[in-house]
Amino acid sequence: MKTIAVIFGGRSAEHDVSIITALAAIIKPLELTKKFQVEPIYIAKDGAWYWDEKLKDISLYQGSGIDELMRKAPKTQLLFDGSLTLFKPGSFAGRKQSKKIDMVFPAMHGTHGEDGELMGILEMANVPYIGCGVAASAVAMDKVLSKQVTQSAGIASTPWTWFYSHDLSQNQTRILKEIDALKYPLFVKPAHLGSSIGITRVTEKSLLMNALEVAAHYDDRVIVEQAVDNLIEVTLPIIGNEVPVPALLEQPILHSEDFFDFETKYMQGGKKNGKKGGQKSGTQGAQGYSQIPANVSKELYDKAVSVGLNVYKTVGCTGIARVDMLIDSKTQEVFFNEINPLPGGLYSHNWNKAGIANVDLVSRLVDYAESRWQDKQKLDTAFSTNFLKQF
Amino acid sequence: MRLLISLFSPNYPQTLVYMLQSTEYEAKPYLKWFWRTKDFSSVMYRRKLEKTRVASSLLLLISLGMVLQVVLGLALLYLGNHRGRLPLTLCGTLLVITYPFVWAHLLVLPLALGRLLVIKPLHKKLINESKAIFAKHPGTTIAVAGSYGKTSMKELLKTVLEQGKNVAATPANKNVAVSHAYFAKKLKGDEDVLIIEYGEGNPGDVVRFANTTQPNIGVITGLAPAHLDHYPSLQAAGKDIFSLAKAVGANKTFVNSDSEATKSFIKPDYHTYNSEKVMGWKISDIKVGFTGTSFEMSKGKQHLNLKSGLLGRHQVGPLALAAVLADQLGLSKTQIEAGVAKTVPFEYRMQPRSLNGAWILDDTYNGNIDGLRAGLVLLKDLPARRRIYVTPGLVDQGVETEAVHIELGKAIAAANPDKLVLMLNSVTKYIEAGLKQGNYQGELQIEHYPLDFYTNLEHLLAAGDVVMLQNDWTDNYN
Numbered sequence: 001m002k003t004i005a006v007i008f009g010g011r012s013a014e015h016d017v018s019i020i021t022a023l024a025a026i027i028k029p030l031e032l033t034k035k036f037q038v039e040p041i042y043i044a045k046d047g048a049w050y051w052d053e054k055l056k057d058i059s060l061y062q063g064s065g066i067d068e069l070m071r072k073a074p075k076t077q078l079l080f081d082g083s084l085t086l087f088k089p090g091s092f093a094g095r096k097q098s099k100k101i102d103m104v105f106p107a108m109h110g111t112h113g114e115d116g117e118l119m120g121i122l123e124m125a126n127v128p129y130i131g132c133g134v135a136a137s138a139v140a141m142d143k144v145l146s147k148q149v150t151q152s153a154g155i156a157s158t159p160w161t162w163f164y165s166h167d168l169s170q171n172q173t174r175i176l177k178e179i180d181a182l183k184y185p186l187f188v189k190p191a192h193l194g195s196s197i198g199i200t201r202v203t204e205k206s207l208l209m210n211a212l213e214v215a216a217h218y219d220d221r222v223i224v225e226q227a228v229d230n231l232i233e234v235t236l237p238i239i240g241n242e243v244p245v246p247a248l249l250e251q252p253i254l255h256s257e258d259f260f261d262f263e264t265k266y267m268q269g270g271k272k273n274g275k276k277g278g279q280k281s282g283t284q285g286a287q288g289y290s291q292i293p294a295n296v297s298k299e300l301y302d303k304a305v306s307v308g309l310n311v312y313k314t315v316g317c318t319g320i321a322r323v324d325m326l327i328d329s330k331t332q333e334v335f336f337n338e339i340n341p342l343p344g345g346l347y348s349h350n351w352n353k354a355g356i357a358n359v360d361l362v363s364r365l366v367d368y369a370e371s372r373w374q375d376k377q378k379l380d381t382a383f384s385t386n387f388l389k390q391f
Numbered sequence: 001m002r003l004l005i006s007l008f009s010p011n012y013p014q015t016l017v018y019m020l021q022s023t024e025y026e027a028k029p030y031l032k033w034f035w036r037t038k039d040f041s042s043v044m045y046r047r048k049l050e051k052t053r054v055a056s057s058l059l060l061l062i063s064l065g066m067v068l069q070v071v072l073g074l075a076l077l078y079l080g081n082h083r084g085r086l087p088l089t090l091c092g093t094l095l096v097i098t099y100p101f102v103w104a105h106l107l108v109l110p111l112a113l114g115r116l117l118v119i120k121p122l123h124k125k126l127i128n129e130s131k132a133i134f135a136k137h138p139g140t141t142i143a144v145a146g147s148y149g150k151t152s153m154k155e156l157l158k159t160v161l162e163q164g165k166n167v168a169a170t171p172a173n174k175n176v177a178v179s180h181a182y183f184a185k186k187l188k189g190d191e192d193v194l195i196i197e198y199g200e201g202n203p204g205d206v207v208r209f210a211n212t213t214q215p216n217i218g219v220i221t222g223l224a225p226a227h228l229d230h231y232p233s234l235q236a237a238g239k240d241i242f243s244l245a246k247a248v249g250a251n252k253t254f255v256n257s258d259s260e261a262t263k264s265f266i267k268p269d270y271h272t273y274n275s276e277k278v279m280g281w282k283i284s285d286i287k288v289g290f291t292g293t294s295f296e297m298s299k300g301k302q303h304l305n306l307k308s309g310l311l312g313r314h315q316v317g318p319l320a321l322a323a324v325l326a327d328q329l330g331l332s333k334t335q336i337e338a339g340v341a342k343t344v345p346f347e348y349r350m351q352p353r354s355l356n357g358a359w360i361l362d363d364t365y366n367g368n369i370d371g372l373r374a375g376l377v378l379l380k381d382l383p384a385r386r387r388i389y390v391t392p393g394l395v396d397q398g399v400e401t402e403a404v405h406i407e408l409g410k411a412i413a414a415a416n417p418d419k420l421v422l423m424l425n426s427v428t429k430y431i432e433a434g435l436k437q438g439n440y441q442g443e444l445q446i447e448h449y450p451l452d453f454y455t456n457l458e459h460l461l462a463a464g465d466v467v468m469l470q471n472d473w474t475d476n477y478n
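These protein sequences, in sequence, are chains C and V. This note's numbering puts the first residue of the first sequence at 1, with every later residue one more than the last. This note's numbering puts the first residue of the second sequence at 1, with every later residue one more than the last.
Read the hints as simulated data drawn from the structure, not as lab findings. Incorrect hints may have been included.
Computed list of lysine to aspartate or glutamate pairs in EDC-like fashion (alpha-carbon distance at most 16 Å, straight line) [unchecked claim]:
hint	chain 1	residue 1	chain 2	residue 2
1	C	28	V	458
2	C	75	C	52
3	C	56	C	67
4	V	51	V	24
5	V	287	V	276
6	C	28	V	452
7	C	353	V	458
8	V	136	V	190
9	C	35	C	102
10	C	34	V	452
11	V	419	C	328
12	C	313	C	324
13	C	35	V	447
14	C	35	V	452
15	V	301	V	269
16	C	34	V	447
17	C	34	V	190
18	C	35	V	443
19	C	303	C	328
All chains, please: the whole structure from these sequences, using the hints.
Okay, here's the thing in structure tokens:
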């Protein structure tokens, strides 16, 4: 039986969402396939790594159980022995426990995980892992970079601009002048964060500066985008490597003046002004409040899917990702908005509707990861040379 | 080793009472289960002990008894060692180590005594009193007997007939003599129709029930190897069930001829019902879906357009019989159609529910081969992206166990679901043999932990899937 380590948590604002994705959407279905031994690895908010079977229990995180575990449990060590092996001191006579890992399923949303940092470690360890690689993750998690890359491939976005946060105080006039070229309403966003953190919808100039400062507080780069008139917002989950497979085009149901902030997305089941804590699961959230498939004409549907697949391939995604797009229902234009290399809960609710059960989804992702790794093994990246002899 | 540890575990007394409770305080099945158990710590898997008054009293009794025996044993051990008396030491040791076995068997003693001295005489009195009540009652009495489908038929008849008549029916699956007696006590005497379900308990029961309840009409719902631990053969079970025809008369006997095994018992004067015709009524245009079944009936100028919430082609015969009996008893076309429209699936009997866009047909109370065949036909009939069939097999098949399960395997192979999930137990090997003989082409999954499967369906299914769950094994069959 293959051993798959699921790594979740992390030093990220989306730490808690990551726990739900890992436990509900990944670990459980992997175990239900009866093909894998699943090892949970939790990265605490301070960056410490823990490996323990108890980490699979959601109730641990809902009270003080996790703090108790972290107080008592030894830190996990990693051995890069041409692959990846986990180590930790055992509870009996100091004996170490170890486990060779055959594959890793990164389940960390946001910074230091989804952005490619974790993938870098896994590439160094030469262990197969699920999802996007280092470069695709880094591009996808950077809204500025993803727009630059897709724009160069001829994929349309709404008019936008960006700046470094440190420039806000030093070059404010230039920044505001560039923003003046855009039409209101605008969206001001930190370039690297997900789950709508630090995002402001700005309807008039008097509110702009505050929004820029909020975003700059969270990130070293800020992006400002022009909103779409006659907006239909859609999202498309995609899996696959060389031949990406789309799920169903999904349409969050919202009014044009609304967007989902973190609170609404994960705490209120996608309902504005809803009760707090209405949804326990981050995999529900806004996903419990959308139209699947999107209610658009076949022509527009196919166009959006085509744009989504094009974005996926251009960014170099593998495994799984989700492409967000904005449609102007009047002009029928489809604009690329964002790409998410690790959809919350794997967007399994959409895959279910598309006819792929959770156990089948994770099985396919494992196969894609194995296939990509096998292809990489065929490449020569280290070979002998006479270079050193000249010194 | 596991057995030894579980015998001396603090939970052992509770496990014994749970085993008794699960076998409905019947000594024989309880003791059979006890002697085939290899690990008492895993007995309470599907459910826990329900702390009723009886269960709590038994638990207290057995716990005290065990403690007393151990204390006495230790006292003898001490005395034996102290005084150098080997017999005392041996006695003491025996008392200490045998308490799990002693009390597992002593537990049935109060039950046996209670049954003999209190319950049996009380029941006899009640049954005699009920015989007089039934003899006096002016209403039409319909007896429902068979290996399966009795409760469904009874409920169906009640739902349809009460659209125009005052109907009383025995409750739930209370179908033995004492249940009939309690039912009789509650009658007011003004009911137009009584519907009484006859359970297949012991040989001769049907004749005894008929003597007490004196039915006017007999319905035989089907014959299959079920509860065959009480009968030596299917033939013997059939003979018993068809003794109902002698009690009501051949021309008042209605037999489900869709059930293969009834065919050899059907006599020319019996009325048969099936999915094609009943008593001169022809059935046509059967449509089956996730929300119900519809069909048309016609006889001469009479025509009925029937829509039921029950699922499956196999429901057509019983529904048609209910319609015909309702017609004979004087209900109007409107009343009959309204009555049939009110029939809905009973819990765990072909009960549909939706999950993530998939359909689950919960037929976990189905416990006979004809029912399983009907389920497979339904699964094949319904539109699906992927068809999944789930079963542990059947219990209480007696001498027919191997043959029935090979037959089941072949039936599954013929229906060819995309995926088959078998809950691992003692009959799995026979089903696999049948699958092989039938050349099954789909995916086979053997599930070691049924609860794991049933409680995680949302991870296993996707939109467009149709999954049929047929039968379920409680802990006492493991």
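Checklist line | Those earlier numbered hints the structure runs against, lowest number first | finding: Violated hints (numbers, rising): 11, 15, 17; every other hint is consistent with the structure.
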